[in-house]
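Read off the chains here:
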Amino acid sequence: MMRVSVRHTLRTAALACALGAVALAAPARAQEAPVPPKQNWSFNGPFGAFDMASVQRGFAVYQNVCSNCHSMNLLHYRDLAGIGLTPEQIKAVAASFTVPLGLDDQGQPIEGPALPSSQFRAPFPNEKAARAAMGGALPPDLSLIFNAREYHGDYIYALLTGYADPPADMKMQAGMHYNKYFPGHQIAMPQPLHGGDVSFPGNAPNTLDAEAHDVVNFLAWASNPEMTTRKQIGVRVVLFLALMTGLTYAVKRQIWSDAH
Amino acid sequence: MAGLHKSEFTNPVIRWVDTRMPVFTMMQKEYGSFPTPRNFNYFWNFGALAMVNLMIMIITGIFLAMNYAPNTAMAFDSVQRIMRDVNYGWLLRYVHQNGASMFFIVVYIHIFRGLYYGSYKYPRELLWMIGVVLLILMMATAFMGYVLPWGQMSYWGATVITNLFSAFPIVGDPIVTWLWGGFSVDNPTLNRFFSLHYLLPFVLVGVTFLHVVALHITGSNNPLGIDVKSPQDTLPFHPYYTIKDSVGICVYLMVFAALVFFAPNFLGDPNNFIPANPLQTPADIVPEWYFLPFYAILRSVPNKLGGVCMMFGSLLVLFVLPWLDTSKVRSARFRPLYRPFIFVLVVSVVILGMVGAHRPEGIWVVLGRVCTAYYFLHFLVLLPIIGKFERPLPLPESISKPVLGGGGGPLPAGAAAKPMEKA
Chain Z
1 MMRVSVRHTL
11 RTAALACALG
21 AVALAAPARA
31 QEAPVPPKQN
41 WSFNGPFGAF
51 DMASVQRGFA
61 VYQNVCSNCH
71 SMNLLHYRDL
81 AGIGLTPEQI
91 KAVAASFTVP
101 LGLDDQGQPI
111 EGPALPSSQF
121 RAPFPNEKAA
131 RAAMGGALPP
141 DLSLIFNARE
151 YHGDYIYALL
161 TGYADPPADM
171 KMQAGMHYNK
181 YFPGHQIAMP
191 QPLHGGDVSF
201 PGNAPNTLDA
211 EAHDVVNFLA
221 WASNPEMTTR
231 KQIGVRVVLF
241 LALMTGLTYA
251 VKRQIWSDAH
Chain W
1 MAGLHKSEFT
11 NPVIRWVDTR
21 MPVFTMMQKE
31 YGSFPTPRNF
41 NYFWNFGALA
51 MVNLMIMIIT
61 GIFLAMNYAP
71 NTAMAFDSVQ
81 RIMRDVNYGW
91 LLRYVHQNGA
101 SMFFIVVYIH
111 IFRGLYYGSY
121 KYPRELLWMI
131 GVVLLILMMA
141 TAFMGYVLPW
151 GQMSYWGATV
161 ITNLFSAFPI
171 VGDPIVTWLW
181 GGFSVDNPTL
191 NRFFSLHYLL
201 PFVLVGVTFL
211 HVVALHITGS
221 NNPLGIDVKS
231 PQDTLPFHPY
241 YTIKDSVGIC
251 VYLMVFAALV
261 FFAPNFLGDP
271 NNFIPANPLQ
281 TPADIVPEWY
291 FLPFYAILRS
301 VPNKLGGVCM
311 MFGSLLVLFV
321 LPWLDTSKVR
331 SARFRPLYRP
341 FIFVLVVSVV
351 ILGMVGAHRP
361 EGIWVVLGRV
371 CTAYYFLHFL
381 VLLPIIGKFE
391 RPLPLPESIS
401 KPVLGGGGGP
411 LPAGAAAKPM
421 EKA
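In order, the protein sequence lines correspond to chains Z and W. Position one of the first sequence corresponds to residue 1 (the numbering used here), numbered consecutively onward. Position one of the second sequence corresponds to residue 1 (the numbering used here), numbered consecutively onward.
In case anyone wonders, no lab produced these hints; they're calculated from the structure. Idealized CB from N, CA, C, for every residue including glycine. Just so you know, not all the hints are guaranteed correct.
Said to hold, decoys possible - Just so you have them, the derived chain W footprint on chain Z, three or more residues with Cβ under 8 Å: (1) 146-158; (2) 225-237; (3) 241-253.
To be verified - Only pairs whose alpha carbons sit at most 35 Å apart, straight line, appear in this in silico DSBU-like list of lysine-lysine: (4) W/K29 / Z/K91; (5) Z/K38 / Z/K180; (6) Z/K231 / Z/K252; (7) W/K29 / W/K6; (8) Z/K91 / Z/K252; (9) Z/K128 / Z/K91; (10) W/K401 / W/K304; (11) Z/K231 / Z/K91; (12) W/K388 / Z/K252; (13) Z/K38 / Z/K252; (14) W/K29 / Z/K252; (15) W/K401 / Z/K231.
Extracted from the complex, chain W is given alone in its bound form (with noise of 0.2 Å):
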């Protein structure tokens, strides 16, 4: 028969939910005993951190909609309720407004150390792939969530980026009418926007549990990036990773709480408190500034439809990434040819978020140009072609040798081409 679960738990409570319905079990096997390279570095705490924010967002966003009207005429002035009248409300705006640029930081980390490490190698292909879903359903949700309290910004952000489909030939008035539910940014827009703003991070939720239970497939990759080889290469999750993630968490809360308690406007826009005005355009356009290298790519093209082709193109390139690094070995550390373009990448991304931050003039224009040519080169040529004539560092024999310091040092370098046996 079906038969009940073989619980090993011996709390009777616990043991009788168990055996019916073996959660305890699942939580146990992936997060209790769950095989984790032993050699992770700090980088791997922010995957962690990316759900707790997520956690963090999703409740005071909740608290937050029990208080926000989202109609034109009222929006603004009930954000500010929030800020005055309720309990703690300062709070939980400042906690959810913040929220979303830690979100930020911590999701471009954790992706920097994707790239750095080779995570999207074979056989993670899938994993990230789900999380480019993830940061694009991320990106729309704070592009929504941005439009709610109604200010300036808001509103001429809001017409910008939907206005962006309107380049499309032929079909992109229609979608752009089709997004704002009228003929222009409206109560219609902000109703939809809310909407939207508070089902999509459920979907995140759900995206996310996909994107843990592929790690949990293929098991996680390592600051070595070669394969567990043997359970003397792996630690159980807890308490080795619980605790370490929980050290990552307290700094990580700590940065968070020093911005909400004493900067809490320093990102924001001094525009976004005046209210929207569909008649005043702000002087300067200006998006939140987790968006600014992709506003950036979007101003270098001196073409409507280039630009936004080139910006949805540089998410878009992500998807592909797996089969655009032809080289086997995961870890940058053991890419002596391929680890330098990685840092020139990240240093053009920053200074894409600088070039989007200021008006499309003079050297700005230069500086757009050559590094969107530069993230779009990186990704489409030299990744191809690095794997190709890069001869990668031996790799060490496993990932307990080089911890445990039990001799044997890397293998010949004949032996280093191989990292993708099974493990």
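Bound conformation, chain Z alone (with noise of 0.2 Å):
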């Protein structure tokens, strides 16, 4: 019966929000948040790659402070190769991790260190266990949030450096931390970054902006791991075709003289 009245329940909320969104007059969202400034990101444009250097910190940021909430269950520890670790970095790395690896011969889960085809272990075991311990929240999963947010590394970008104090008339709620860019103003996760949360390799800065340019640049790639070779080839697919046509035109002028 549970079952049925939440199927019912969903149905009802599924439907009202539907025609909500057909209605006429939607209601006015919530206070919208502001347009985040545009940054220069490599991987902008048709010739833009990765800056890997970039990347590789942005993944120490991501496993030294991000990986303590946020899972980023559609990677692998093997496609670490796609930003330069080798082989044997890659074995190190996963090695480091504890994960579950399947069950025994006597039908009992194991855990063991993770191998480079393991997943990247994920902080919570599941939804709930990740709510109950942040407090209701659930951190969202990482492996695609630079393609699943508007405006993408802008966005991801100015909310980590757009934590600031409330405007004294804003009432926050229990927990929540004010964000100039979170739609709502009102966000679960405290300010992540702060500045020399990690110290790189060959000392490259480790002030809030460095950290969050080079955590975006770590999730530009997550999200899209093929963009340098699909770019690359691309330049090669459109250079072709514009051969193509020049040639194929050129034909069909000289098919087509004898017809005009």
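With the hints as a guide, dock the two chains, each given alone in a separate frame, to form the complex.
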């Protein structure tokens, strides 16, 4: 019976929402978030590529900070070859995490060091556990977060650097934090980066700006690992087609020359 | 006796087959020597482009289906597995995803061509109606395909659109339950949408065949809209139009490639990168761009049933277009009164598209209503009336005259009114 009533509630909610969206006078949404300022990303444009040093630093930020709460379920340690890690490095990174490795011969669940083929270790076993630990809020999976937000990298960068004290007249809900760029301005995530959270090899700067920048690069790669290859192939394909268009048009002119 | 076909092919293998089953003769007749008006402009590329596009969609789709799992628990991740782990899976998927947009661009231009040059008029009414069937089938296919990745927009789009049927009194709710295969958009819905999304493209192939059959009986219209009167007016399809279509295909592929390789998600919605969640409605539920004008018509009527009827009506009205247009002159080139109104129609459809992308507030409500009104006014009122009052410009005597410049300018105005004599 429980199931039926949940279904029914769901359906009613779905209908109400759907009709609400279709209805003429959609209620004005709570305060719109401002458009995040445009940043210069190395991966912008048809020739843009990832700054791999920055992507690797971003991965370090993810490992040390973000991954305490956020999963990246679509990524496997083997995928790190795509950001320039060697097989040995990948093995070492994977082995530093303990993950469930299925069942042993007695049917008991076992754990052990992750393999390159393992998914990134998730901080929580499931959504309920995550919500319970996070005061009801669910930290979203970050595998596709770059693609899943309007303004993509600009938004994530603005969000990470957009924490501030709430305006005097704003009433904050318990456990929420003020953010200039989060829709509605009240975000459950406390400011994750403050600068100096991670020290990078080669003394690359680890200010808040630099860390946010690096982590955006990493997330952009995680959402679109094929991007560099895609654009490289694309340039060749478009050049080839331009050539073909020219050739075909010349042949067309010749064939049609007796028809005019 | 039911004799063998007398083949004109000399290659012994081709001849052997052709005498027993004259497919080569048929291809030669329909695509080789097929007499085609000599004055096509590049608008006449878009039929061939649509055919190419359909083939691309079917081929990429078949390979995607080999790696896709039509189950609510797995669909989203299986698409991402295609993007990440299947060799060139990202290419297959992005070609298929953007191929839908390209298909609509091509087909909308193809339809505009038909409207502007009067390709729907006698004797091509059936050809046009089959085309409207193709458009509707294609929309259904695209809609169901968009549900398959099972992202937030997939889920909520499916919920909104299927819910439209609940507007019909009495039968509405049972229809929606029947469509869903349950009491909400869920696994049974995804399963049947996948099945139908795989089936309908082959129905499209069949109906496209009928579209071409009908075309090859009446012959193509042309930019002048006058009938072919002598062999001088035509050219064999091959090589003249095979090469001209090839030029178009190259340009089309270039636009397609630019989209796929450099901006594959430009036309998509960020929300569809979030897995479907029945408990969380996105702030705005927006259909794909190619449905926006129809979505705007739906929302322009302050009554759900009225909106649904208007939306379906905006497509169904096209079926009777050949009988709504009372002018005997086909090409808008020779219809000075009608010509500006086609552009008004195009502008209002574009504005409707913009209206569909915005929340129905303020100016967008007004614009939506005005343009919806114009859409129906254009077809139901202006087309019948203009044909009665318009004085068409003098029609050229034949297709070959203006092309070959062989003297003899347009006939005096009196001759203009009988463009319908048999070719």
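Hints versus structure:
| no. | hint | result |
| --- | --- | --- |
| 1 | 146-158 | holds (count 5) |
| 2 | 225-237 | holds (count 8) |
| 3 | 241-253 | holds (count 8) |
| 4 | W/K29 / Z/K91 | violated, 64 Å |
| 5 | Z/K38 / Z/K180 | holds, 15 Å |
| 6 | Z/K231 / Z/K252 | holds, 31 Å |
| 7 | W/K29 / W/K6 | holds, 14 Å |
| 8 | Z/K91 / Z/K252 | violated, 57 Å |
| 9 | Z/K128 / Z/K91 | holds, 31 Å |
| 10 | W/K401 / W/K304 | violated, 54 Å |
| 11 | Z/K231 / Z/K91 | holds, 29 Å |
| 12 | W/K388 / Z/K252 | violated, 42 Å |
| 13 | Z/K38 / Z/K252 | violated, 45 Å |
| 14 | W/K29 / Z/K252 | holds, 22 Å |
| 15 | W/K401 / Z/K231 | violated, 49 Å |
The earlier numbered hints that this structure contradicts are 4, 8, 10, 12, 13, 15.
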